[in-house]
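Sequence order for the protein chains is A, B and C.
The numbering of the first sequence is this note's numbering, which starts it at 13 and goes up by one.
The numbering of the second sequence is this note's numbering, which starts it at 3 and goes up by one.
The numbering of the third sequence is this note's numbering, which starts it at 69 and goes up by one.
A portion of the hints provided could be inaccurate.
Said to hold, decoys possible - Covered stretches of chain A (chain C as the covering partner; in silico rule of three or more C-beta atoms under 8 Å from a C-beta of chain C):
hint	segment
1	54-60
2	81-95
3	281-290
4	363-369
5	416-426
Keep in mind the hints are simulated off the structure, nothing from the lab.
Even for Gly, the Cβ is constructed at its ideal location relative to N, Cα and C.
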Amino acid sequence: MTVDTLRLTAEAAAGLLDRGEVSAAELHDAYLAAIGERDGELHAYLRTLDEPNGEGVPIAFKDVVSTRGVETTAGSKILAGFEPVFDATVATRCYEHGLSLLGKTNMDEFAMGSSTENSAYGASHNPWDPSRVPGGSSGGSAAAVAGGLAPWALGSDTGGSIKQPAALCGIVGLRPTYGTVSRSGIVAFASSLDQVGPLTKTVRDCALLYRIIAGRDPCDSTTVELPAPVELPEGTDLEGLRVGVPRQLNEAEGIEPGVKAAVDAAIQLCEQLGASVGECELPLSVEYGMPCYYLIAPAEASSNLARYDGVRYGYRAPVEGGLTELYERTRHDGFGDEPKRRIMLGTYALSAGYYDAFYGQAQKVRTIIGQEFRAVLQDFDVLVSPTSPTVAFPLGARTANPLAMYLSDLLAIPPNMAGLPGLSIPCGLSEGLPVGLQLIGPQFSENLLFRVGHALEQAIGFDSVPERLR
Amino acid sequence: MEITREQVQHVARLARLELSDEELERMREQLSAILEAVGKVAELDLVDVEPTAHPLDLVNVLADDVPRPSLPREEALANAPDPEDGFFGVPAV
Amino acid sequence: MSAWETVIGLEIHAHLKTRTKMFCRCATGFGEPPNTLTCPVCLAHPGTLPVPNRTAVEWTIKLGLALGCAIADRAVFARKNYFYPDLPKGYQISQYDEPLCRGGRLGEVRIHRVHLEEDAAKLIHVGASGRIHGSDASVVDFNRGGTPLAEIVTEPDIRSPEQAGEWLKLLRTTLRRLGVSDVNMEEGSLRCDANISLRPAGSGQLGVKTELKNMNSFRFIERGIRAEIARQEKVLRGGGRVEQETLHFDPRPDAHPPITSLRSKEEAHDYRYFPEPDLLPVTIDPAMVEAARAEMSELPVDRLERLRRELGLSAESARLLAFRGELGDFFEAALVPDGGSRAQVLANWVTGELASRLEDGQDPAASRVTPQALGELVEMVSEKQVSVGAARQVLDKLVAGGGSPATIVEAEGLAAIDGADELAGVVAAAIAANADAAQRVRDGNAKAIGPIVGYVMRETKGRADGTEVSRLIAEQLGI
């Protein structure tokens, strides 16, 4: 049978396999064929596997996920050729469920970026319009799923790196509650913020993949057991649900009118589906979320990236001199501009005399943000906003000014600072490009987010196959 | 928030990052702009607020003192840029 | 008498002898082939995360209790950031402002804090003659990297190098009795840095301190501290100022100067400490503390009390036996079941005659004298089967070649002279041979008896009992 990789959901693929209508090898080949056709243009993948390594549904992993014996670069030259000697826990869990690795997807270097333009291996392209970015840092995974090059994929989200590319590519992305998915084997960016999560075509697929990867891992001390099993959503109404619309998230400067319109329509839809909708305030979280993030994340990153020194693995610069020169040249050559910037920023924020004003203060702001969200979530079950202020922007549009690029995550960052989960679902188009709706819930509220997302998804009926590929 | 060339050099040394003169100046400009933006956190009076180091209220995640197999040496050295007789080679310290 | 008072604080790192490393479950070990006790975590591969060793935490609590510390309700791990090849992550996971234990005292020295951290790997320098081709290079063995370390920091209460040495021996005994560390400086399971400053005698203020590193034996510690005190004195006497810096002690006799600078205060590291985001805080509830307390074996201070209480030993003897645990162990093994009345005599022999015949820091259990042998010998002395002088000769032989005292006494003919006639005869000969001395004694100069006693001892090869000899001399001289 011919497999329509553009339309096939993971759930449907599992059904085909179960019924013996297609074999794992045939499925794998179908995706490799699609990759052959379209990935030259999209550059979603950094490498693919010729043979399936499981009997189940194929999956792509962002190249931040360690895969034993398969090159893992985190989008950086400093890890060119590096082959991990162990699998990330999330990879192991996927394999244990029979999922089969298609390949490793492109990403901004060390997950630092919002467009994949910071990849040392070239940018990825948005399947809706290849002259535009797919978002980042999980842009490769998003482009692969949206472009029919994988039924689903794993990405990672620190400051919106799953939610934002999902929004820009018109697919579903979940940033899970911090602590519900293991970071063991995930090349670290910011330890107290990094989470691995699914990028999928549907909310049900998202729940399916989350169920596979979530749960406490003894190798990661910051993980917890889920308080309740993951439920696959079925309902189509939102009766009894209280939906909050935080003014600051929905009226922030820089939100494009087309994005606002699509999100407003989705909010009205919530009411039609039986939810009660109300406005609420997050006075400080949006204004101080970004500064808070851009102190904490680089600080942790500056420490996490210290291990890339050319001693035990990875790139080592050829130097004549001694150790200091080795370190400095290796890291100069091996890191791109964005990691260097963040390492410098983070080192500064932690350095003697500056810790209290910068890192120390940011950790306190984080407390305030957590308090604000928790207060608001007393009165509402779920909060909604645009995921990204804009639709996908053209390649090169924001690369000259780091701060301009950082603003892509203005709306995605605040709930992350509070450790809260966020689900992005496509809710419409603006000028032919997808708009994402961000659903934010309390910690461990994934089942609720899936329920809301699924009901809205059914009602909106967004076709996640890019128009130009139909 | 302007930072000086000397400050950038000092931080680059702490971070073991070589920067050419041109890179140093560009970094200085960009960091100054970013620090201006993130320095906003200082506006808030948070003297009585506890810092949040972890999003979850977890404590005491400890493991039993039971050994697990170590890597075979070939695997430990598999990715080493300069393996020497079972050791990791580095330039003189 | 120096115009300067020495102020010394010590910083000790002790390997905890847990089965696995601090943050991964590689086995700990010493002397294994390089890089055979490693895993992605202790090699700091991308994506690896630390998982703390529960036993290491419990043992640090035990150690804190033994040192009289207050155990924190909440302890936090922190990252200490710097670059070095033996530090694979580019940071060490240690503790900063929320350590496990604070305050306390051991002997005369107050404890500032005790915290838990991981050890660095082993960096080996290879010169041109080494097996590594090329001129200067270094190699790294990560086996040791990640071993749990308890860091013990004292207050600056120590006032001399000798006191430092003695106190370290007490600490070593304590750690060994707790069973948490082998405390073997040759194997690197105990390392000690010293902070040293001078101040005018009687002053309450602290002078500028230097940090002396790289002292890996008890002897070197005392010598190193002594050398640094001398150096600082010279600087101050010359009107100069002591610089705050980190120094290195070269113990080789031909090292001039023995003290060199490692780095100045300006070059001091900025460690950029921050709470370890990959680890959660450790909250310690009273139950954990009580469990640790219950597991503790007898500490030196408790042993001291017990020896005084049960055996009536003098304070000085009890302290020596308790604070140098290996002597105490030997003593208690040598005690005969009903030897309570002889305990003090045995104690004197252990802490005096035996200890002085051991090499510096040597464990008597490692010598050729068995506790049983010493016990027998002391019994023989108490029973006057052998004189004190002869017994000393027997002990020399025991130390040299082991064996049993009775056999040695027999073989060397060292049995006490018990025949009053035989001894009386020798005394008479001694008096005859030392007529001047004898006259002086009769005239009232008691000290003049020396040569006469000496004659008897030489003639009897030390087998005569000193008290008996004096009595006979006095009798024969008619005094």
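Consistency of the hints with the structure:
no. : hint    : result
1   : 54-60   : violated (count 0)
2   : 81-95   : holds (count 4)
3   : 281-290 : violated (count 0)
4   : 363-369 : holds (count 3)
5   : 416-426 : violated (count 0)
Violated hints for the displayed structure, listed by number in ascending order: 1, 3, 5.
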